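Going down the list, the sequences are from chains S and X.
Mapping the first sequence onto my numbering, position 281 (from 1) lands on 284, and the numbers just tick up by one.
Mapping the second sequence onto my numbering, position 451 (from 1) lands on 440, and the numbers just tick up by one.
Treat the hints as calculated values from the structure; they're not laboratory data.
Predicted model only: the values in this text are computed from it and were never measured.
Certain hints may be false.
[Stated by the list, open to error] Here are the computed lysine-lysine pairs in the DSSO-like style, where the Cα-Cα straight-line distance is at most 30 Å:
(1) X:425 x S:293
(2) S:344 x S:268
(3) S:344 x S:266
(4) S:373 x S:188
(5) X:425 x S:46
(6) S:264 x S:188
[To be verified] Covered by chain S, according to a simulated footprint, are these stretches of chain X (three or more residues, beta-carbon under 8 Å):
(7) 119 to 131
(8) 180 to 186
(9) 211 to 223
(10) 390 to 401
(11) 416 to 425
(12) 494 to 508
[Said to hold, decoys possible] Derived coverage of chain X by chain S (criterion: at least 3 residues anywhere in the stretch with Cβ under 8 Å from a Cβ of chain S; other residues may be distant):
(13) 446 to 457
(14) 533 to 543
Don't be surprised by glycine CBs; every beta carbon is placed ideally from N, CA and C.
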Amino acid sequence: MLRHFRLWLAAASLLAAVVPAFAAPVSDADWQKIVAAAKREGKIVISHFTDGGMEPVLRQFEKEYGIRVEATPGRPDAVIPKILTEQQNGQYNWDVLIQPVNNVRLVLEPAHGLEPILPFLVRADVDNDAEWFGGITAHVPMDPLYVFYDGISNLAVGIDVDRDKVPASVVGDWPDLLKPEWKGKFGIYYPGRPANLTIALTCYRPAFDSDAKWEAYVRAFFAQQPIVSAEFRTVADWLLQGRFPVTVGAEGSYLDGLTKKLKRKIEAPIGKGLCGYPPTGTGRSVSIPKNPPDRNAATVFVNWYLSKEAQDLVVRSYIATGQASVSRRKDSSHPDPDLQKQVLAGFEAGWMQGKGLMTDSDEGLRLQTKVIELARQAGY
Amino acid sequence: MTSAALEGRVATAPARRWSLSPRALLFALVLGLVAFFVLYPLGFLVSASLQIGTYGQPTTFGFGNWVSALTDPNLRNAIVNTLTLTATRQVIAFLCAIGLAWLLARTNLPGRHWLEFGFWISFFLPTLPVLVGWIFLLDSHSGLINRLILALGWARDPPFDIYSWWGIVFVHLMTNTLAVQVMLFTPAFRNIDSSILEMARVAGCGALGILWRIILPVLAPTILVVVLLGTIRSLEAFEIELILGPPARIAVFSTAIYSHVFDSPPTYGAAFALSIAGIALMAPFVAAQQMIARRRARATVAGKFAARLADLGRWRWPLFALVMLLLGAMTILPVAFMLLGSFMDVFGYFDVPDGAFTTAHWASVLQDTLFLGALWDTLVVAMAAAVLSMLLFPPIAYLVVRTRYFGRGALDFLTWLPTTVPGIVIGLALLWVFLKTPGLNQIYGHPFGLVLAFTLAGMALGVQIIKAAIMQLSPELEEAAQAGGASWLATMRKIVLPLVAPAVAVVGILEFVAATRGVSTAVLLSSHATQTLAVFQLKYIEAGDLETASVVGIVLLALSTGVALLGRVFGLRFGLGER
């Protein structure tokens, strides 16, 4: 028992010596010490969203540092309760989470299931406001900061229209969907979770001068009894296969990719008053669950993941799997510089809390929660 | 002998008293184990349903979750939909299954053994890829069958819409509901002694009379089990309703629970409250089934068992064609589309200008380092779950049927309970149990945790199948052996086990398949170190990558079919086929 205690004490001392308690860039020599400690830990356990984009990124980290990555893909609605239940029973099995910002913020953060992330940012090129659009915090009013919002994915969120069937004179903006002829005639993504539909309707909020007017629109929207699917892909398929000529909340990257493949005339997304241009989807984030078992490996991974090299790889990898993605790093490269410029300009011009993070801010989460509540009242 | 068999009741060994015999000790051990693994997680559900507040944050005790769950304005519709959908598909499946089981077990239908195997294959098909295949065929706008009918000018509007109430009924019938009833009824029909029917015929009973007065009473326990199991499964089934229901604004009881778990913010307390309400609703039905089964138990396999086949005459081949057509729709069609989908650039799109087909999805899966690991984990977990079930369920079934210990009814009742809770809820409850219990926390994230979860989830079906087999054995067989000087253990080994071996083998195979394709029970208990293929497939389904999911679906299907084929051979050798 005493022997075990001594071992733990030694490990804790080593940890304290290697990983600083506060955010402060470390010297190269100290960084090498952290890397060496991480290599001794030998592995890192990561939970990431179920998309193919992350797999090559994790393999690259494994290759560069020789630290085994044990990755489990999963949707946040399944993964986060599991992590929380483990934590409440004293099991701390995870080192890093790479999940959409809104889900992590809505469930794990209020339950104190995260470590503050700033102490883990130890490289000068990462722990530097000047390196990031929106600074390190991305205008998120969080103190301490638990979630590092590194980029934007799933860019196309709004109304999608098959222009071969519906001209702009018929559906050109959100109010058109309230016309009687569209009752029960357009498809939407399931409104019970913070995702594409709630984001799209939240992004329409700036078009109104009060919450009450916006809520009246959202009520009227659901009163139109749009047809729901809980599968992103199905909503896109409805549009492309002609079941509905108008949808809201289709899976943007899938829709984009397929529209190009099929050479179809789909206009997506439309609708004014959105959060920025192009209407941005959800934020991708990295966070550290409470008491990560491989703390040094987590530190190395987070700093590597937020480096220019890794962020470029993330963007390329997501684009290769057909998903649009833009990093918040100012020096990151992008195969479509115009798109990158537009997205980041939209981000900087965001209307919530002055600038930035639209749907993932406190205000954005409040509005998304309101959409969910109004949908429930309408029987969804 | 035959009349004795007809009147046979279950054995009356030790009547309502405890003794220190090996059988009593076995009973106490089994009851204790089952009670622990069933009641402990359920206790968690009850406790968690009374905790008010956000999950993961400080909570207080109260009935708030119950109030909010039960006063949800959408719940009433969900319950009505659940009851009507369940009743409709159970009635249709029952009527079809009785006819099919009779054809397969008691007639000279050509190729009946392989046709029966076809229903097994249908049962083993993974639900989600099959569902996608049916959507591909029956979508009201783009469905191939609808387009074909419109192109041929047979209708002006698409006649089918899979996103509908009848669409849900149809897909359930085509995936599991009908197949499982045929699988369970066929052995029961096979075990009816022909001499009973001949005696009834000699006594002047007509065909309907035989059906009403002989066959139905003899099969009553099996029928009750099948109907009850089907009803309970309908209460917890959610994958089909989750996809086909929302567009038609159809919610059911299980999707209501699912929404509480996965919507934002999650309201677990309400989900647990609804789960317990579901158990409470089902409990009287389970109890009634037990009571009726006990009163109506009839042994059909006695010393002079004979099963003669009816001659279908000129209806032989037309009926064969009809069954083949049905099986084709249940197996070949969905498998063909799953296979096709795995080679399509984009699942369901034939009009991709640069080419609709590719082998890229197969290459991507076979190169995925996680795939082989998941395949190995699946084999380990599924085989272990099958073996554990084959070891654990026969003693439970035997003790329930053949003894009168105080508490045997409770043991029987307990075996039903895990089935009444949706897989995702039982997964969450087991997650808590594994984490909270010293000793058990060592198996969290270990394959054995999954083995235990799958064994619990399959307990009701497994025990009921073996119970039905034991109930059909006349106690006179054991009595004769014991009168001849054989010990209880020798009687078990030489008489009872060989006769119920086919049923035990069936249970092992079902458990193997359930463990290979089970998602909802496994998803929370899997870890980065242990992940089954079905959970691996879920990653692709959630990401909308149906093409790659189809590849994994084909591998899962090959696993299930291979084991079913082995089981069939095993079953034939040990008498699962015709006696």
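- [ ] Starting from the hint list further up, note which numbers the structure goes against and sort them upward.
- [x] Failing hints, ascending: 8, 9, 10, 12, 13.
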